[in-house]
Structure formats: C-alpha cells, structure tokens
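Peer 1: For chain A, the structure is supplied; the task is to place chain B on it using the hints.
First to last, the sequence lines map onto chains A and B.
Taken in order, the first sequence gives residues -8 to 377; the numbers are from our numbering.
Taken in order, the second sequence gives residues 21 to 207; the numbers are from our numbering.
Hints are computed from structural coordinates only; laboratory data are not their basis.
Careful: at least some of the hints might be erroneous.
Where chain A lies over chain B, by a calculated footprint (3+ residues, C-beta under 8 angstroms) [to be verified]: (1) 85 to 97; (2) 102 to 114; (3) 117 to 129.
Here are some of the chain B residues that sit facing chain A, going by a computed Cβ distance under 7 angstroms [what the hints assert, rightly or not]: (4) 79; (5) 80; (6) 81; (7) 82.
Computed cross-link-like contacts, SDA-like style, restricted to lysine to any residue with a CA-CA straight-line distance of at most 25 angstroms [what the hints assert, rightly or not]: (8) B:110 to A:303; (9) A:338 to B:86; (10) A:320 to A:345.
If you're wondering where the values come from, they're calculated on a predicted model, not measured in any experiment.
The C-beta atom is built at its ideal place from N, Cα and C for all residues, glycine as well.
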Amino acid sequence: MKSFLTMLGVNVANLLMLGGVLALLPRFRRPELFFAVTVAPDFPTSEAGRTIERSYRRRVIYQALGWFGLSLLMAGAGAWVGEEKGFGQTLLVGSIPIASFGQLAGAIHAFIRARRQVLPHAVQPSRVREVSMTVPPEESVGPGLMLLRLGLFFIIIASALYLWLRWEAIPARFPSHWGVGGKVDGWTTRTPLAIGLPLLFAALFDAFLIGFMAIMKSQTRHIYSSEEALKLEAKARRAGDFIAMGGCYFLTILLCGGTVWLPFRADPSAFPVPFVLYSVLGGLTLLVFLGLAALRISNYRDQARKAALASGEAVAQVIGDRTEDRYWKWGGLVYSNPNDPAVWVEKRIGIGWTTNMARWQSWVWLALFIIVLPGVMVAVALYCAR
Amino acid sequence: MFNKTWQFLEGTAGLKKTLNGLSAQCILYVYNRHWRGADVGDVRARASCRETKETGMGLPTIRIDLDSTVAVYRQIEDALRALIVEGRLKPGERLPTVRQLAIDLVVHHNTVAEAYRRLAAEGWLDLGRRRGATVTAREGPPPTPETRDNFVQRLRELVAKAEGDGLKRKEIATIMEELAVKERGAE
Chain A
-8 MKSFLTMLGV
2 NVANLLMLGG
12 VLALLPRFRR
22 PELFFAVTVA
32 PDFPTSEAGR
42 TIERSYRRRV
52 IYQALGWFGL
62 SLLMAGAGAW
72 VGEEKGFGQT
82 LLVGSIPIAS
92 FGQLAGAIHA
102 FIRARRQVLP
112 HAVQPSRVRE
122 VSMTVPPEES
132 VGPGLMLLRL
142 GLFFIIIASA
152 LYLWLRWEAI
162 PARFPSHWGV
172 GGKVDGWTTR
182 TPLAIGLPLL
192 FAALFDAFLI
202 GFMAIMKSQT
212 RHIYSSEEAL
222 KLEAKARRAG
232 DFIAMGGCYF
242 LTILLCGGTV
252 WLPFRADPSA
262 FPVPFVLYSV
272 LGGLTLLVFL
282 GLAALRISNY
292 RDQARKAALA
302 SGEAVAQVIG
312 DRTEDRYWKW
322 GGLVYSNPND
332 PAVWVEKRIG
342 IGWTTNMARW
352 QSWVWLALFI
362 IVLPGVMVAV
372 ALYCAR
Chain B
21 MFNKTWQFLE
31 GTAGLKKTLN
41 GLSAQCILYV
51 YNRHWRGADV
61 GDVRARASCR
71 ETKETGMGLP
81 TIRIDLDSTV
91 AVYRQIEDAL
101 RALIVEGRLK
111 PGERLPTVRQ
121 LAIDLVVHHN
131 TVAEAYRRLA
141 AEGWLDLGRR
151 RGATVTAREG
161 PPPTPETRDN
171 FVQRLRELVA
181 KAEGDGLKRK
191 EIATIMEELA
201 VKERGAE
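Same shape as in the complex, but just chain A:
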C-alpha cells in the first residue's frame, strides 16, 4: 500500500507538471507562429484559432488523464503482486515513464492534428529581411548571470572540500539507493571515485549546459532590427539562460546535497524523506518555473514585434522566425533547410532549439546527444550499481 501511495503521489505530480506544460504549449510560441505554422498575427486570437487551440488542449488533457489512469492501474497491479518480486517492482517503477512518455506522445499527436488544421491559414513570411549592423548588445554576460554560474561551481567545490575534510568519518559502506517501498537496494563504498562521481557528474552537466547556452546565444538568429526590439529579444534570451540556471541548480543541489548528507546520517538506512521531497517538490517547482519563464519569453517576443512595428521596421509584417514552413517537416518538429547557414534554430513550439538537419554539423550534435551523453550516464549508472 505504501509503495502504491508513493507512486500515486509521483504520478499526480507528473500529471500536473507535464500535463500543465503540454496544455500551455501553444502559449509559448512566437507571435506569428501557431502550431509551427506561420500565420497572420491576429489568427491565433480569431475564432478559428481559438477553436483549434481549445481542441488541442482538450485532447492533451483527455490523453493525460487516460495515461494517468493506466499508470495507476500498473502501480496498483505492482503493489498487488508485491514490490519485493521483480515483476511487481517493474510494474510499480514502470508506471512513471509510461505516464510521462504516454502524455508526451499524446501531446505530439494532438499538436500534429492541430497543425494540420492551421495549415490552410498559413501565410508566406516576408522575403524582405532587415538586420542591424551593430554588434548585438546581449553578447556580454551580465554580472548576475556570471555570479550564478560561479555559484554552481562554488557549491561543487565546497562539497568536495567538506567530504575531503571529513573523509575518515564516511562509513566504509553506506546505503545510497532505496526501492519504491523504502527498502535499501543500493550501497556505496568509500572510494574517491564512488564518492566523487556525483560531484563530477554535476560539474560536467553544469559546464555542458553553460557552454551549450553560450553556443546557442552566439548562433541565435536576430529576428528584428530596431533597437528596442533587439533589447527585448535579448531579454528573452537572458530569460532562457535563467531557465538553464534553474535546471543546473536543481541538479547540483540534488547531487551535492545527497553526497554530503547521506553518509553522515545517524541512521544511514532510514528512507531519506527530505531528499525525496526535495527531488519531487524541486522538480515540480522547476517545471512551474520553466512554464512561467516560457510565458515570459513569449511575452518579450510579442513586445519585440510590437516595438519593431512601432519603429517602422518594414519587415515586421509577417516574419515569423525567418524560416519557411516548407522546411519544417514531421509535424513542424524537424527542420531541414539546405539554404540556411544556421546549425541551431529556435524550435517552433517556443521552448528550446533544434538542429537544421540539412547541415552536417547537426549530425555531430545528434551523435553527441544520442551516443555520448547517454553513454556517460549509462556508464555512471553501471558503476554505481556495481
């Protein structure tokens, strides 16, 4: 029963977080993009636009509830079989990814359907392009962001230093993983690699994400050219930086906190309730933060377009993201344009970037994401399980 209730809590949180973000997805778009299609600026707020958005949201909610029901059935069956049995454990733990991937797949399906409904209303983006010849102001990193970045590595170094100073106090072997029912099912031995690995992983993750964000910033396309619009676009990019920082802090505190706290508890075998609470509540907060930041970014872009229009920017008719719809394939999720020199472009759903598959560099990045990063994670997981 305890394991079922745990899974119920996790799945409810999952439903609220992921379902909420997916239902809000059409609100994260650029002003002239609607379900990855270039449209007239007033189309999304027209009756036809609203109907399509409502229908998308309805589908997302119904499918999310369906997957939630299925995951509960799985968790219930797992609890009934018994978590101590392998199959029961698989059913219990498997209910989370089933609900997550199910919701995601359902949202993609709803998105593609909505896109088909929007396509007849598509308009050709302007073929006149205007750019500012001054070097954009957002290239420099502000002191706030720099401090936040340094703060991450300060936490990691401070954790490492603390562990080094109290090395002898760390038990030779201590519990480091608990099953769904709260029983210990993983141990860590006191070796520099086993203790330091989470810190190393946090440092690598942070460095990768900071580097990635810097690359994205330097490769981002400037859509507008007037001073005010450029400033607003820069603000939107900075908001993106803060989203990434939120993710880095969540993971760094999780990994460093766990490494520093777990070995020194009075009862090392006790279920680490604060740690699990932090993971769930922190993850929830992070997703809420992501949703709010994405709305803010969308708002900045909307303001940028208005500023561009107010300044008399001729290209600010229908400009979208300066890419044409015909190069967006597979429901507007995959971009492939041989005439575009950009390797990374903004996703049309409004959050994140995607690669231009017509450029060879995209395949290198793809290999990095599909092979190298998961490879490192699998290696770490295997090492920890050993």
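Peer 2: Relative to chain A, chain B alone:
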C-alpha cells in the same frame, strides 16, 4: 530624346545646383542602382536608419529583398557602403561576423563574405582574421575627368528611364536638388 531631356534639365537652376552639390550619397545611389544594372524602381534593397523616440536616430540597418533582381551580395554591399558613406557606421566600428550576418539574413556564408570582400577591396572595410570586419577611415580618391563624364552619362540614362517611368522632368530636378541639399546639410 536623351539629348533633349538633358538639355532641358541642364537649363534648370535646380539641376545646376544639384550637379554642383552632388555628394557621395547621390553618386552612390546612381552607381549602385544603374551603373551596375539594377532597375530604377528597385529601392527595396537599401540601407535604412530609422529614427526612434529615445535616441532620435535608430540603429544602422541593412535590408535585402530575396525577390529582387539584384544579387543578394550586391544588395548587402550597396547597403553597407551607403551606411559608411553616410557616416552611420564610423571608422573603427566592428561589424557582425560573416557567420552571424548570414544566419540573421538566412543566406549562405559566401554571399556575405563576398560582399565584405568587395567592400574591403574598395577600402571601406578591414577584414581582420581574428577581430572580424571593421570599418576603415577611407579617403576617397580625387575625381578624374573620366569619373565625371561617366557619371553624367549614367545620370542622363537614369533621367531618361525615370521619365519613361512617368516622372516629370521638374519633379526629377526637384528630387535631385533635395538630395543634394540634404547631403550638404549632413556635411
């Protein structure tokens, strides 16, 4: 007909003033649009400096039209040259990198690189390997008699084309006078 038009225009006080006061902007306008084969009416590809409420003068921008008959590299080149000549881009000012400009305009790197190379060959830009393109302080060469003759010849053709497109002779003269006065004011 050309001769008649020219004689008429030459006789007007406005054109005399204009010819005397023709400055870099006017010369460039004719040079870019007509000497090199672009249409008279094609003024979509151009440099623009919009005024803003805050600063009084907007950022120096260039505009290209992918549907124009003029090659994109030439549109970039012409627009950039105009910005430099007008003083909107000052010597020493750093320009966006070839890669960034290509990404922003969604054109091939080589298109932007070609425009930068041609401007560098004319002495408007310095293409440093590390620091990217910077605007140079360029002293224009003293005009030769040949330059003036060529210009007058092209101007004659331009006037004829404009007239053919429906502009009145007086109107043409007024426009040219206004251009020259504006340029003198800027100086």
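Peer 1: Count the residues of the region 117 to 129 of chain B with a beta-carbon closer than 8 angstroms to any beta-carbon of chain A: does the count reach three?
Peer 2: Check passed, 11 qualifying residues.
Peer 1: Checking hints one by one. Is residue 81 of chain B an interface residue toward chain A, by the C-beta closer than 7 angstroms rule?
Peer 2: At 5 angstroms from the nearest chain A Cβ, residue 81 of chain B passes the 7 angstroms test, so the hint holds.
Peer 1: Taking 8 angstroms as the Cβ threshold, is the statement that the region 85 to 97 of chain B is covered by chain A upheld or broken by the three-residue rule?
Peer 2: holds (count 3)
Peer 1: Report holds or violated for the interface hint on residue 80 of chain B, using the least CB-CB distance to chain A and a cut-off of 7 angstroms.
Peer 2: holds (5 angstroms)
Peer 1: Regarding the pair residue 320 of chain A and residue 345 of chain A, is the alpha-carbon distance no greater than 25 angstroms?
Peer 2: holds (12 angstroms)
Peer 1: Hint validation: residue 82 of chain B versus chain A, beta carbon distance must be below 7 angstroms. Holds or violated?
Peer 2: Holds - the Cβ of residue 82 of chain B comes within 7 angstroms of chain A, reaching about 6 angstroms at its closest.
Peer 1: A closest beta-carbon separation below 7 angstroms is what the hint needs, so does residue 79 of chain B meet it against chain A?
Peer 2: The hint holds - residue 79 of chain B has a Cβ within 7 angstroms of chain A, the shortest such distance being about 4 angstroms.
Peer 1: Hint check: residue 338 of chain A vs residue 86 of chain B, CA-CA at most 25 angstroms. Holds or violated?
Peer 2: holds (24 angstroms)
Peer 1: Establish whether the coverage given for the region 102 to 114 of chain B by chain A is satisfied; the threshold is a Cβ-Cβ distance below 8 angstroms, and no fewer than three residues must meet it.
Peer 2: holds (count 4)
Peer 1: Are residue 110 of chain B and residue 303 of chain A close enough, with their CA atoms no more than 25 angstroms apart?
Peer 2: Holds, at about 24 angstroms.
Comparing the model with each numbered hint stated earlier shows that all of them hold.
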